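K.L.:
The chain contents come next:
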Amino acid sequence: MLTLLLLLFPLVASLVVLASGNKLSAKLALLFAVVELGLTGYGLSVFLQSGPESFTVFQEWITDPKISLNLGLDGLSMLMVLLTNFLLPIIILTGFNRVIDNAKAYFSLILMMQFALLGVFMANDGLLYYIFWELALIPIYFIALNWGGPNRVPVTLKFFIYTLAGSLFMLFGFIALYHLNPGKSFNITELYNMVILKDNQAWLFWMFFVAFAIKIPIIPFHTWQADTYKESPTQGTMLLSGIMLKMGTYSLLRWLLPVFPEGVAMWTPLIMGLCIAGIVYASIIAIMQKDLKRLLAYSSLAHVGLISAGIFTLNISGLEGSVVQMLSHGVVVVGLFFAADIIYHRTNTLEIDKLGGIRTAAPQFNTLFLIVVLASVGLPLTNSFIGEFLLLLGVFQYNYIAAGIAGLTIILGAVYMFRMFQRVMLGKTNQLTVNFADLHWNEKVVLWILVIVIIAAGVYPQPILAIAEPALRIILDNAVLN
Amino acid sequence: MNTIIYTSVLGFICMVAEILNLRKVIIPVAVIGLAAILGLTVMEWGTTATHFNDMVRTDNFSVAFGSLAIIITGLVIALSSDYYKNEQNHISDYMAIIVFTLVGGLVLLSYSNMAMLFLGIEILSISLYVMAGSRKYNTSSNEAGLKYFLMGSFASGFLLFGIALIYGVTGSFHLEAINTYLASATAVSPLFYLGVLMLLVAILFKVSAAPFHFWSPDVYEGSPALITALMATLVKVVMFGAFYRLFSTAFGNLGGYTNWLIALVAALTMVVGNLTALQQVNVKRLLAFSGIAHAGYLLLGILSITTDATSALFYYSAAYALATIAAFAVAIPVFQSAGSELVSAFNGLGKRKPFMAAMLTMALISLAGIPPFAGFLAKYYIFSEAMANGFFALLLIAIVSSIIGVYYYFKLILAMYTQPTDESVDVKFPTVYVVVAVLCVLLSLALGLYPNPVIQLF
Chain V
1 MLTLLLLLFP LVASLVVLAS GNKLSAKLAL LFAVVELGLT GYGLSVFLQS
51 GPESFTVFQE WITDPKISLN LGLDGLSMLM VLLTNFLLPI IILTGFNRVI
101 DNAKAYFSLI LMMQFALLGV FMANDGLLYY IFWELALIPI YFIALNWGGP
151 NRVPVTLKFF IYTLAGSLFM LFGFIALYHL NPGKSFNITE LYNMVILKDN
201 QAWLFWMFFV AFAIKIPIIP FHTWQADTYK ESPTQGTMLL SGIMLKMGTY
251 SLLRWLLPVF PEGVAMWTPL IMGLCIAGIV YASIIAIMQK DLKRLLAYSS
301 LAHVGLISAG IFTLNISGLE GSVVQMLSHG VVVVGLFFAA DIIYHRTNTL
351 EIDKLGGIRT AAPQFNTLFL IVVLASVGLP LTNSFIGEFL LLLGVFQYNY
401 IAAGIAGLTI ILGAVYMFRM FQRVMLGKTN QLTVNFADLH WNEKVVLWIL
451 VIVIIAAGVY PQPILAIAEP ALRIILDNAV LN
Chain E
483 MNTIIYTSVL GFICMVAEIL NLRKVIIPVA VIGLAAILGL TVMEWGTTAT
533 HFNDMVRTDN FSVAFGSLAI IITGLVIALS SDYYKNEQNH ISDYMAIIVF
583 TLVGGLVLLS YSNMAMLFLG IEILSISLYV MAGSRKYNTS SNEAGLKYFL
633 MGSFASGFLL FGIALIYGVT GSFHLEAINT YLASATAVSP LFYLGVLMLL
683 VAILFKVSAA PFHFWSPDVY EGSPALITAL MATLVKVVMF GAFYRLFSTA
733 FGNLGGYTNW LIALVAALTM VVGNLTALQQ VNVKRLLAFS GIAHAGYLLL
783 GILSITTDAT SALFYYSAAY ALATIAAFAV AIPVFQSAGS ELVSAFNGLG
833 KRKPFMAAML TMALISLAGI PPFAGFLAKY YIFSEAMANG FFALLLIAIV
883 SSIIGVYYYF KLILAMYTQP TDESVDVKFP TVYVVVAVLC VLLSLALGLY
933 PNPVIQLF
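Protein chains in written order, with this note's numbering: chain V, 1 to 482; chain E, 483 to 940.
Source of the hints: derived by calculation from the structure; they are not laboratory data.
Some hints here could point you the wrong way.
Unchecked claim - Derived lysine to aspartate or glutamate pairs resembling DMTMM-like cross-links, with alpha carbons at most 25 Å apart:
(1) V:K290 <-> V:D227
(2) E:K910 <-> E:E569
(3) E:K835 <-> V:D227
(4) E:K833 <-> V:D101
Unchecked claim - Per the computed footprint, the stretches of chain E lying under chain V, defined by three or more beta-carbons under 8 Å from a beta-carbon of chain V, are:
(5) 747–754
(6) 866–880
(7) 888–900
(8) 929–940
Given the structure is predicted, the values throughout are model-derived calculations rather than measurements.
All residues carry an ideal CB built from backbone N, CA and C; glycine is no exception.
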């Protein structure tokens, strides 16, 4: 019951917000998101006491093809749900004190997005999962289309069609799995236990991988990303980078590794190469960027490259690292994009060269932004440190040369983040930044919460690992060939 | 059988109403009559009966598809109450002809004899030739009517020739007799195959499959928008019903001979339909090409006869028809107030009429095959049947072409939400259009969320 409540509450909230007025909608949406977070907290306590079994929901839905309302929360899903529901109120709060026309539709779409994301993380039935996966695309498309930047129309269309193309190949894959499955169903445990011929795994792997690789994105499927992040409104960018790309990495763990172990074994060297090449490539491009939001987009591309590499190491440190880093990246990237939004809101530009000297004008913003930047670089005692450490350890166990190259991410990351910070925040003030107002109350609340979480999770990450590990062990047992 | 008779009677009532000076009540009477006929048809569910020396056979297939056809016609007639409000002089003619179109469709869904197939197609087509040209003083309407008539007659010629050849070989017009002949004959005469080929050409013409689709964009564009809606939905549904009936009963034993041909046509139709739709700026033409593309997907259902794709075909037809009617219910008032049928007529609709723009968006999302609307599961069912029958390459083409399809559906959505509004034009949506659009979108959503009742029919 709690599972259903957790899933459906944002949907109801979304409809209520849509029916409310434009003035009220932001507050109402925040209220609902906080209530949902409270419910998640309660769910987490239940989870810690009685384990994942109490969250299973099973209800027949469609008889032919056999699709059931099969929901469940294991450690991995629980963490993803936690991430989603923690970030949502924060994302909504970042929209306060900003002029948003037709706000009720905007916040309603954000909550609708939350519903779809939760569905993706909870679904244990292939087609149900697919439906939520596609559903998540619609609100974010309209958010970016209606409230985005000047070049939004072609950019968002490219994003939409690119992503949908990937999804349709996944649909093809699911249909093929359904017909290969003697039990004729999409049930996840049946898919895990299915015996699929090696030849079939070899191509089915790609049907799923392409869909996930576009969403994450892994090069060479990343061309939609920087432009879409740039053109989306701040909250849209946060949803995309903070939560939506985790759909892809989560799906690698949930739907790819355990279902196609032989396919994974066959293609891992290639995928690993792509991921690691992506890390270096994205970092170098990030160094060159003149636009703050694009720089953050490419830094995000570098980070998810490392997360994907960790997933494909197929060892427990790599997998644990990927989960920790998914959460940390979600928290950090929202902080970074919010900082960009704060700067843009006051100076009307995101060009790094035009900025500078903000520290003098806004010392508190400077400190908080610095902590988020340090976390992004992976400094010890921040949440990203433990994630990157585990990831690199995992990659090292897989292949030490790969680890050597992937390790460049730390150096290159420091280069582009600190260069950016130096040129944006330090130095002399100029006309644009001299009257830079320090933080509003909502900006303070958001950044302080993020910073507290960043440090807390960095100092004591053990609970995250404890929740994730049993689920990851099961995935690994299915994914590794004996 | 009763359905056909009652519907014909309803058509006569519409005609006679003119003489009795009862023009005002024609549309309510037609809608209520169709609702009653729908009820009577549904009650025939589960029974199989033959009529007139087995010329007509009613079974679950004809009841299900027939009900769908009646619902579609009912919705279109409901829309016509406003559409023809300035042409009250001809309202009885129009209504009678639309109802007779339905009669043709119902015959096509329950025939068991080639002669009835021909009759059905002719009743359907002749009504439509007239309706396509019903705007007497409008050149493009005249052009549409004439073009449709000439090309359609040509296709009918093929149909008759094909039937004659098949009769010559098998000695029967009867579908089951043909089937028995195919099962028992040791060597089938090549003339028979020629006959099947001609029959195929005629039917592929009527469902506007490539390369026999050239008439449809022109006719759709020139015809009055309401008739375009009727052609895009009713005609496509009943023709695919007839197609399926022909191949599942008469040519069940034909073997793989026609499969590669239909597969080729399906691939061509999907690709041509979707690619050509990309370049369209006229919404009616755009929907015509979208209809062509959907005909390609439906052909996948025809190919999958060996695994009994009836429910997949029925579900797809219903999903397609509902979404298309919803799209027309929003589009027609926009056409009328803007005086233009171009995509640009929709500019800024998202700001001016957010509710109806949302309805159109949902209809287009359903047509594009995105959950949670019926269009998604429809695509799933058809693709799944094709997969079960091993048409992998065709399926890949289908998937790639449906990705292309998204692009042109979104062209309309983009126009509504991102283009600046033309303030001088005021779009008014009459209540009946709002009701029909909402009804279709809700049904489409309901079918998408809970397809069990429909998918378990067969």
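K.L.:
Need the list of violated hint numbers for this structure, in ascending order.
P.N.:
When the structure is compared with the hints, numbers 3, 5 turn out to be violated.
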